[in-house]
Amino acid sequence: MTELPPHTESELIELVRSSEERAPDSLHRQVATLVASRRRRRLALHPPVLGAVAAAVVVVVALAVVLSDGGSSGPSLLQAAAPTLRAATLPAPPESSANHAQLATAVDGVPFPYWEDRFGWRSTGTRSDRIDGRTATTVFYSDASGRRIGYAILAGTPAPRIDGGVVAWRGGVPYRLLTANGAAVVTWLRDGRLCVVSGRGVSSATLLKLASWSDHDASAS
Amino acid sequence: MRTLDPQSLTQHVDRLYRAAWALCGSREDAEDLVQETFARVLARPRVLSGEHELYYLMRVLRNTFLTSRRTASRRPVTVATLDDIVAADPRPLGQPERALEMQEVYATIAALPEDRRLALVAVDVLGLSYREAARALRVREATITTRLFRARKEVARLLVAELAPEPPQIPVARREETRASGVLPSRETS
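Protein chains in written order, with the numbering used here: chain B, 1 to 221; chain R, 1 to 190.
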């Protein structure tokens, strides 16, 4: 989306949903104080609660140890988004000769989109990381004004669950809009793989537009 | 059924603040409203029956907002002094034009009739589903759909109207020249 004020209802909705206005620090502090006082009151009113909490923790830890299969619940949002803000270590993949909406690189058969002709975002590099035992491949894109976006696809299924943020639906697909490491992040699934796009100085609406276009045109074709 | 964990509420402060801002139209009132909402929620243990926290918070926010409106309407009107007026938000803003834009959008939402405003805030600002919004606002889902449709249309229309360029102003001297040249009727003949 452009940084111009909204002119249509859909632009307005996008703008409102992608807003990241933060509450003042004073309000955060006030709420934290209210929460802390509530917890203190609860414990003061029910001293046996302390014992019960301790017992519950022991049970939960014991169950976790017994039931654990050695795996983890998957990487967090911060972990998944981190490579998108790092530097490229490999050259940019070329445009796919078979499909002009895609680049000639993919993760588990899920291709990266080609955005240059349509949106002016040119692929500039790639990197590969291991996150929580999975391979994360990231393709970086830049626009004419020098802004940069990282597009990561995490290999393997089931994809880790990402919570929080705001959900925006595009073409029947839920896209989650969040903020991580001070940058806007959009996450969603393509063929069961977790995809993450993020970029500093790039609005959530722009990320959402790019993410939802690539999902529709690059994987459906 | 589960008990609401007070600690988990802190993650919703920003979103609730944006919702409150769109309801009230001012940052200061929004701050008060969010604080009051959390104070109410945390006044005693709460049990949620399946719904998620944000839905519950929206319900309390709505009730708090409506109560505060009623209370304010009964209160004698006081005139603000210069000391009461906050000139600008002192926090540094990374994207001033975007902040200004959002301010305008929230102010426009706040000018909507109450029922439409609440529907838009619940769905578009807080991100609730139509069903959750309907339950939180105690109306039917179809009503939410209608109100939301009207609210979005109205806000988009108002924003476009505000941003429409004004007709070009012809300076007085130039207008006289134009009249003299016969393009505009002169005062004597009109």
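A couple of the hints might just be wrong.
What the hints assert, rightly or not - Pairwise CB distance ranges, derived in the manner of DEER restraints:
#1 R:S8 / B:R22: 31 to 37 Å
#2 R:P113 / B:G164: 37 to 43 Å
#3 B:D108 / R:V139: 19 to 25 Å
#4 B:R161 / R:R150: 46 to 52 Å
Said to hold, decoys possible - Computed footprint of chain B on chain R; a stretch qualifies when at least three of its residues, placed anywhere within it, have a C-beta under 8 Å from a C-beta of chain B:
#5 38-49
#6 52-65
#7 124-135
Treat the hints as calculated values from the structure; they're not laboratory data. Every value quoted in this text rests on a predicted model; they were computed, and no experiment measured them. Every residue gets a Cβ at the ideal spot worked out from N, C-alpha and C, and that includes glycine.
The hints, checked one at a time:
1. R:S8 / B:R22: 31 to 37 Å: Violated - the Cβ-Cβ distance for R:S8 and B:R22, about 19 Å, lies outside 31 to 37 Å.
2. R:P113 / B:G164: 37 to 43 Å: violated, 32 Å
3. B:D108 / R:V139: 19 to 25 Å: With a Cβ separation near 45 Å, B:D108 and R:V139 fall outside 19 to 25 Å, so the hint is violated.
4. B:R161 / R:R150: 46 to 52 Å: violated, 36 Å
5. 38-49: holds (count 4)
6. 52-65: Per the Cβ count (0), the hint is violated.
7. 124-135: holds (count 3)
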